[in-house]
Amino acid sequence: MPTADQRLDQLEPVISEMLARLDETAAKVERVSAQVRQLTLTVTNSITAQSDNIEFSLNKTVQLEQGQNELRQEMNQRFEQMDQGFEQVNQRFEQVNQRFDQLFDYLKEKLK
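Counting in our numbering, the sequence shown runs from 1 upward without gaps.
Rather than coming from a laboratory, the hints here were simulated on the basis of the structure.
Source: prediction; values computed, not measured.
Some hints here could point you the wrong way.
[What the hints assert, rightly or not] Calculated lysine to aspartate or glutamate pairs in the EDC-like style (CA-CA distance at most 20 Å, straight line):
| # | residue 1 | residue 2 |
| --- | --- | --- |
| 1 | LYS28 | GLU17 |
| 2 | LYS60 | GLU70 |
| 3 | LYS112 | GLU94 |
[To be verified] FRET-style restraints, in silico, Cβ to Cβ:
| # | residue 1 | residue 2 | range |
| --- | --- | --- | --- |
| 4 | LYS112 | VAL89 | 30 to 36 Å |
| 5 | PHE79 | SER51 | 39 to 45 Å |
| 6 | ASN59 | ARG37 | 30 to 36 Å |
| 7 | GLU55 | ALA27 | 47 to 53 Å |
| 8 | THR42 | MET1 | 56 to 62 Å |
| 9 | LYS28 | LEU64 | 49 to 55 Å |
| 10 | ASP52 | ASP83 | 30 to 36 Å |
| 11 | ARG31 | ASP52 | 28 to 34 Å |
| 12 | GLN102 | GLU65 | 39 to 45 Å |
| 13 | ASP83 | LYS112 | 40 to 46 Å |
| 14 | LEU19 | THR40 | 29 to 35 Å |
| 15 | ASN59 | PHE79 | 29 to 35 Å |
| 16 | ALA20 | VAL43 | 33 to 39 Å |
| 17 | PHE79 | LYS112 | 36 to 42 Å |
All C-beta atoms in this analysis are idealised placements derived from N, C-alpha and C, irrespective of residue type, glycine included.
Use the sequences and the hints to build the structure in full.
Now the structure itself:
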């Protein structure tokens with residue numbers, strides 16, 4: 001049966017190799033963790049930029065809608081003004097027609 005020193009001599013290289021593998025694994029885990037942190041930062045920055053772009057686009061869309069509504073209101077007001085102007089012109093033409101009718105009636109009476 002091997003002595004304690006002999007058993008220790010047998011276990012020492014195995015433990016040393018296991019510790020070396022453990023160190024390699026720890027280094028790989030650290031590299032992967034660093035890559036994950038970098039990827040997380042990159043994704044977060046990209047999402048933030050996209051969020052800012054979406055917010056900007058939504059704000060511009062709201063501004064455009066407000067501008068369109070204001071233009072519609074202004075156009076409706078101007079159309080109403082134009083309609084009123086045409087109505088006034090029509091009334092004037094009616095008055096002129098009535099005057100011509102009166103004039104023709106007067107001339108008919110005089111020519112009899």
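Outcome of the hint check:
1. In summary, the hint linking LYS28 to GLU17 is supported, as the alpha carbons are separated by about 16 Å, within the 20 Å threshold.
2. Between the alpha carbons of LYS60 and GLU70 the distance comes to roughly 15 Å, so the proposed pair stays at or under 20 Å and holds.
3. Of the pairs offered as hints, the one joining LYS112 and GLU94 is violated, with about 27 Å between alpha carbons and a cut-off of 20 Å exceeded.
4. Between LYS112 and VAL89, the C-beta spacing of about 35 Å keeps the proposed range 30 to 36 Å intact.
5. At roughly 42 Å, the beta carbons of PHE79 and SER51 sit within the given window of 39 to 45 Å.
6. The hint said 30 to 36 Å for the Cβ distance between ASN59 and ARG37, and at roughly 33 Å that hint holds.
7. At roughly 42 Å, the beta-carbon separation of GLU55 and ALA27 lies outside the given 47 to 53 Å, and the hint is violated.
8. Separated by about 60 Å at the C-beta atoms, THR42 and MET1 satisfy the suggested range of 56 to 62 Å.
9. Restraint check, LYS28 to LEU64: a C-beta distance of roughly 53 Å satisfies the suggested window 49 to 55 Å.
10. About 46 Å separates the C-beta atoms of ASP52 and ASP83, a value inconsistent with the hinted range of 30 to 36 Å.
11. Roughly 32 Å separates the CB atoms of ARG31 and ASP52, a value that falls within the hinted 28 to 34 Å.
12. About 55 Å separates the C-beta atoms of GLN102 and GLU65, a value inconsistent with the hinted range of 39 to 45 Å.
13. Between ASP83 and LYS112 the C-beta distance comes to about 43 Å, which sits within the given range of 40 to 46 Å.
14. Range check, LEU19 to THR40: Cβ separation about 31 Å, and the 29 to 35 Å hint holds.
15. The beta-carbon spacing between ASN59 and PHE79, approximately 30 Å, falls within the hinted interval of 29 to 35 Å.
16. Distance hint check: the CB atoms of ALA20 and VAL43 are about 34 Å apart, consistent with the given range 33 to 39 Å.
17. For the hinted restraint 36 to 42 Å between PHE79 and LYS112, the CB-CB distance of approximately 49 Å leaves it violated.
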